[in-house]
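**Q** Sequence:
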Amino acid sequence: MKQDQNWLAEMESRRRDDEPSPGQEMAALMRRTDEVLKRLSPKDGAKLRELSAGWRELVLAGYALSCGYAPHTADGVGELLTAAPEGTAWRAENLRLTRAAEALADTVPEALPLSDRWDDLCTLALVLGQRR
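In our numbering, the protein residues as written are 1 to 132.
Note that these hints are calculated values from the structure, not bench results.
Incorrect hints may have been included.
[Said to hold, decoys possible] Calculated pairs, DSBU-like style, for lysine-lysine (alpha carbon to alpha carbon, straight line, at most 35 Å):
1) 38 to 2
2) 2 to 43
3) 47 to 2
Generate coordinates for the entire structure from the input sequences, incorporating the hints supplied.
**A** Here you go:
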């Protein structure tokens, strides 16, 4: 948990004024998830909790991955996700979470908008990780 807080603090220090706060975005997504959970069945609630936890981990993993990646082109994030072996597992997990959200949306319509916001936060984490 301490490492998570360190990464969030680092992300905050690298963001520009016009970019959303990663910590605030993550907290807002967790609050929204908690609101949705209150009305779900235990089965759907467990799926949404698992989905949100997966996205949270992916944000932090993406930041760490991006920080450690030395790009060979000006588009470090694009290169990381398309050409670098390091990005393969991250991309696969992003796709898995997206598909899980699509499947869950049949019974939990909020799953897709929440996952879209998590995915946006993943992208921001990758961009912030490339800033030196």
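**Q** Quick check: which numbered hints come out false for this structure?
**A** Of the numbered hints given earlier, the structure breaks none, since each of them holds.
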